[in-house]
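Residue numbers (the numbering used here), protein chains in the order written: chain G, 1 to 138; chain U, 1 to 138; chain W, 1 to 138.
No wet-lab data here; the hints were simulated from the structure. Glycine is no exception: its CB is placed at the ideal position from the N, C-alpha and C atoms. Accuracy of the hints is not assured; some may be wrong.
Okay, the calculated beta carbon distance ranges per label pair [unchecked claim]:
1. W/P118 to U/R57: 37 to 43 Å
2. W/T89 to G/A60: 38 to 44 Å
3. U/R52 to W/T93: 26 to 32 Å
4. G/P118 to U/E116: 21 to 27 Å
5. U/E116 to W/E53: 27 to 33 Å
6. U/P126 to W/V55: 43 to 49 Å
7. W/R119 to G/D134: 32 to 38 Å
8. G/D134 to W/E25: 16 to 22 Å
9. U/A17 to W/T128: 18 to 24 Å
10. W/R119 to U/H26: 16 to 22 Å
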Amino acid sequence: MNDSLLVRLPQGEDLLAALVGVCLEHNVTKGQVSLIGALSRAVLGYYPQDTREYVTRTLAEGTEILSGLGNVSLKDGQPCVHLHLTLLTRDFTVTGGHALPGCVLFAGEACITPIEGPRLHRSHDPATGLPLWDLTGM
Amino acid sequence: MNDSLLVRLPQGEDLLAALVGVCLEHNVTKGQVSLIGALSRAVLGYYPQDTREYVTRTLAEGTEILSGLGNVSLKDGQPCVHLHLTLLTRDFTVTGGHALPGCVLFAGEACITPIEGPRLHRSHDPATGLPLWDLTGM
Amino acid sequence: MNDSLLVRLPQGEDLLAALVGVCLEHNVTKGQVSLIGALSRAVLGYYPQDTREYVTRTLAEGTEILSGLGNVSLKDGQPCVHLHLTLLTRDFTVTGGHALPGCVLFAGEACITPIEGPRLHRSHDPATGLPLWDLTGM
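If we strip away everything but chain G, and leave its shape as in the complex, we get:
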């Protein structure tokens, strides 16, 4: 049997903050995240590989979270949730992106799986411009 955490996320709260809160409460510093549910507001990022500055889009409408997929590792010593979202809008079209602060939960059911082994730390990767895992620990 698996010791994953299956948690109901609180309505009205920030998605990333809620997930980090669960990690802090249960001492999860390394793990996998998957979730479904719905957002009342979404803030999404796309990272252009040439200009290397996130483009963001805000959806001020209700969406279904078709998929929230990502992981937990450490950044500046704190649990950091890296999450990508696939969202369904009312007309059954799909959008999504890198989850940014400002995503507001309508309902959320998350599965957080703590993973054993050496901790993973994020730091600036010059080749991509992104905060990736240090290869030292892998």
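We have chain G; now place chains U and W onto it with these hints.
Below, chains U and W without anything else, positioned relative to chain G:
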């Protein structure tokens, strides 16, 4: 090593019924679900956060299941699979939604991970109008 | 605690080859795969259920991997990764498909969960025309 169930789902059967069947056969009352495959028919829901009545859409065509993500918990004492689908149609556009009865499998490969700990029960949540997990057990 | 592998995938390499490489290095013959990240090139398949010949589409542009979901089993005695991708393009539209050789990584964070129990072998399934798991082992 992990005791997740990796199962081939039967062609021609109802997706949700097939998943519930696996849960009943293996006594899974709490778990995570992920799957890929293809459907010959899809019945999808979107839940408007204002009107709170599911809008449904039926696709009477073949689609790839890009992602099926969700969980297993109990509703009225029985295993209940809550699943969101991301689907690809022939012209490489993507749609999806809350999986409803009537999704027919062409091929399916599911991973069901039983999770330990207190059982989760769904009941009516007045704040959202949805059958969410009782907070008592969390 | 879970012994899943959380790995950074190498920039510039083929996605499927990189995942198979991790499986070979860690002796994973059966497992679940989930990943997020970004591709600099994507080669995607859609399987029409009538004509039964994969239609492919190549995206020669950067995309976010909103979801990579799939599994590891054996095909011709070697680890085989079956993976479906949901991808976000620069204009926040979403496409995806069955991952084919030729997907080039910009960044990738994968979770590979080894699963215990009898090995799963893929062989030709006449009913669908696809290489599915032998039912003998299930």
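Tested hints:
no. : hint                         : verdict
1   : W/P118 to U/R57: 37 to 43 Å  : 39 Å, holds
2   : W/T89 to G/A60: 38 to 44 Å   : 22 Å, violated
3   : U/R52 to W/T93: 26 to 32 Å   : 29 Å, holds
4   : G/P118 to U/E116: 21 to 27 Å : 25 Å, holds
5   : U/E116 to W/E53: 27 to 33 Å  : 45 Å, violated
6   : U/P126 to W/V55: 43 to 49 Å  : 47 Å, holds
7   : W/R119 to G/D134: 32 to 38 Å : 34 Å, holds
8   : G/D134 to W/E25: 16 to 22 Å  : 19 Å, holds
9   : U/A17 to W/T128: 18 to 24 Å  : 19 Å, holds
10  : W/R119 to U/H26: 16 to 22 Å  : 19 Å, holds
In this structure, the hints that do not hold are numbers 2 and 5, in rising order.
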